[in-house]
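Chain order of the listed sequences is A and B.
For the numbering used here, add 8 to where a residue sits in the first sequence, where the first one is 1.
For the numbering used here, add 1 to where a residue sits in the second sequence, where the first one is 1.
Any given hint could be a false lead.
[Claimed, not checked] Here are the simulated DMTMM-like cross-link-like pairs (lysine to aspartate or glutamate), alpha carbons at most 25 Å apart as the crow flies: (1) A:LYS99 x B:ASP113; (2) B:LYS452 x A:GLU64; (3) B:LYS127 x B:ASP113; (4) B:LYS3 x A:ASP80; (5) A:LYS144 x B:GLU260; (6) B:LYS3 x A:ASP114; (7) B:LYS3 x A:GLU117; (8) B:LYS18 x A:ASP80; (9) B:LYS20 x A:GLU140.
For the record, the hints were derived by calculation from the structure and aren't laboratory data.
Each chain, letter by letter, is given below.
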Amino acid sequence: MTDLALRLERVTKKFDTFTAVDDLSLSVPYGSVYGFLGPNGAGKTTTIRMSLSIYEPTSGLIEILGHRSALDVRQQIGYLPEEKGLYKKMKAKELIAFFGGLRGMDPREARSEAVRLLERYGLGEFVNTRCEALSKGMGQKVQVLASVVHKPKFVILDEPFSGLDPVNQQVLEVVIQDLRAAGTTIIFSTHIMEHAERLCDRIVLIGRGKRLFDGTIAEAKRSIPRRVRIQTGSDPSPLRAVHGVTDIVRLEGEGRWDVVLSEGAQPDEVLRACFRSGVELSSFERRDPDLRDVFLKLVGGEEAA
Amino acid sequence: MKYALRIGFREFAEHAKTKGFIIGIVLFPLLLLAGFRVPALLEKISKTTRAFAVIDPTGELTQIVDEAIERDWQESDDKARLAWLEKRKADPATPDYEPQKRLFQRVELPADAAGATTEETIANLKPWLLGDKKVNVGDDDKELFALIVMPKTQGQLRKGVEYWSTNLTDDALSKLVSRSLAEHLRRDEYTSKGLAQDEVERIARIEVRFDDKDPRKAAGEEDVGMAEKARQWAPIGFVYLMFVAMMTVAQMLLSSTVEEKASRIFEVLLSSVTPAELMLGKLMGVAAVGFVMLVAWFLSLFAVLRFAAGGLSEVAGPLLGLVFTPSVLIPMAVYFLLGFLLYASLLLALGSLCNTIKEAQNFMSPVMLVLMIPLLAMIPVARDPNGTLAQVLSWMPPFTPFVMMNRIAGEPAAWEIAGTIALLIVSVAGMLWLAGRVFRNGVLRTGAPPKIVELLRMLRR
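Next up, chain A with everything else stripped away, as it sits in the complex (with noise of 0.2 Å):
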């Protein structure tokens, strides 16, 4: 018995000559919200497809609530897929059942719970109406009931924010801090950093099949250098002698320049440097980086090698 929800050990999943996943190992502890990132085709939704029994991984471990088959413990897993989906001519109410119905429920409590759920997350007037006449937005949100209609202890959301409103998006963020009230484990991926920022515990950044990060949101800002931008008209080399300085970017725009730092220098160094070496700021302005910053870094870095 483990204490982690998914493990992942040295897993590769190949298509033909194609190199999805490469040696990815992952951990992700009962109870987290971790985040996948990365850009498109990185092998996000491969790995979750694996996890979830869809794919056989070509080779690896993987082990998920404790069990090497996710079907042997789909009453506990919930899963909404990156492409979303649903029976045009079934009625909400009765496509949220059926997944459900699929995750092991018995199908009148599988009902009843359907209903609650979408009067808890607003739509409650639209329980008898066909999914075919609901709108994209209201569709995925009908999705991700479905997908956690069984109360699993596991929720797997494969790109649940695209394509839905700041409002939808909103309403969202409550179902997965409902869940993450419940205890559920979830992992979602995204490509909006703001939403990995403010929901995750933990996130791993994959990029070309292979692990470019995996730590918390903290961890992963003190992974990159901290900057400051200056707008100047003077020239800022003078600054390359501050302690702490480690390179100076040229931005774009007129006299736009990153002053980057090393770990533990302190801006206000950067500040005093300019008085004192006469370079005339008209801006300047602390950047504590971001995900955004991150994931161009590393995500970039691995691109261009």
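Could you slot chain B onto chain A? The hints should help.
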């Protein structure tokens, strides 16, 4: 199994709830009933008495035409009266007999159309023939349907009659008149050769009667009735029903598979059930749809034959008897089920490779071509149920279910039934295995359907 059943149940509900399915089930008996009732009804309504005129310079031929028209009406009226009498005997509440309508009525030439010559008269009659002027028949004004122009002398009769009409398709009148004139000529010829009139008619009536006998039946009861002939031909109806049911179900299976693939529902399904469960569930679901449809059709077929077909009800009893004989019913059910599984699993596999109905239809055409073969062979096989063609086709798995159902009333040898069922079971198992592999790899595939090489690679995976 629980999950496969849930998939199957949803599949069934999805199709059974569609308007097309319900309409199909309700429409079939109505169409059947209409097929029996409407032609007679239409005939009753649409047949009006048609007026025609004759220009007869000989002055002798008009009478022959009149007699022929009268005789024709008398014959059909006698037949109808006889049918009515039998009906009245069976059911005293039958309303009183109404004489048959006359189909043709000769009218005198309109007085103002007469010309100095025949040609002139024809020219004068054009407005009537074109419908601009009407002739008077009883209390009605009618169009002049046709004008028959006799030759100047009887000697020119063989090639000299003109038939004027704007209606080129209804040739009942021209045939009737031409037959009666020909008879008239023949009679003259016979008389001139010294043969008496009634002698000629007696000779013309000579016929040879054939009694159908069946050596398989008990001595003294070997006569073959109409019902037994129907029994021999009945399998054709069943094969045809199966073909239609199969096509309908195949279409459903294909479209639902393509929909699930295109909308990516497969991905969620496959995270909850194994590909085998999914495939099994879908097969069970559409099989149930096909079963409900066939049962509904059969029941309505018999109901219509039994209660509403009039003279055909004689056939219904033996047909029912045929279908509900265990030696027929059981093999038919087995062949139907196996045939269904064979084609359904094939179509499921094809559907799993396609993203659009259009792509799927491209795959469908070769399947349809294969299915046409047992349909084309249907009549020859029914004629000779144990002949070479029937036997050879029986052992080709794609045709086995159709051909064997077709032959079942011909009582093929028991070893043939057992052997073909065994072969079919092996083929179905093989097809399910192949389909399972394609399905598993196909459902999550994106992009265009695979080429043959890729398909083979899929089978190896």
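Hints, one by one, checked against the model:
1. A:LYS99 x B:ASP113: Violated, because 77 Å separates the two Cα atoms, which is more than 25 Å.
2. B:LYS452 x A:GLU64: holds (23 Å)
3. B:LYS127 x B:ASP113: holds (12 Å)
4. B:LYS3 x A:ASP80: holds (14 Å)
5. A:LYS144 x B:GLU260: holds (17 Å)
6. B:LYS3 x A:ASP114: holds (11 Å)
7. B:LYS3 x A:GLU117: holds (16 Å)
8. B:LYS18 x A:ASP80: Violated, at roughly 33 Å.
9. B:LYS20 x A:GLU140: With Cα atoms ~16 Å apart, LYS20 of chain B and GLU140 of chain A stay inside 25 Å; holds.
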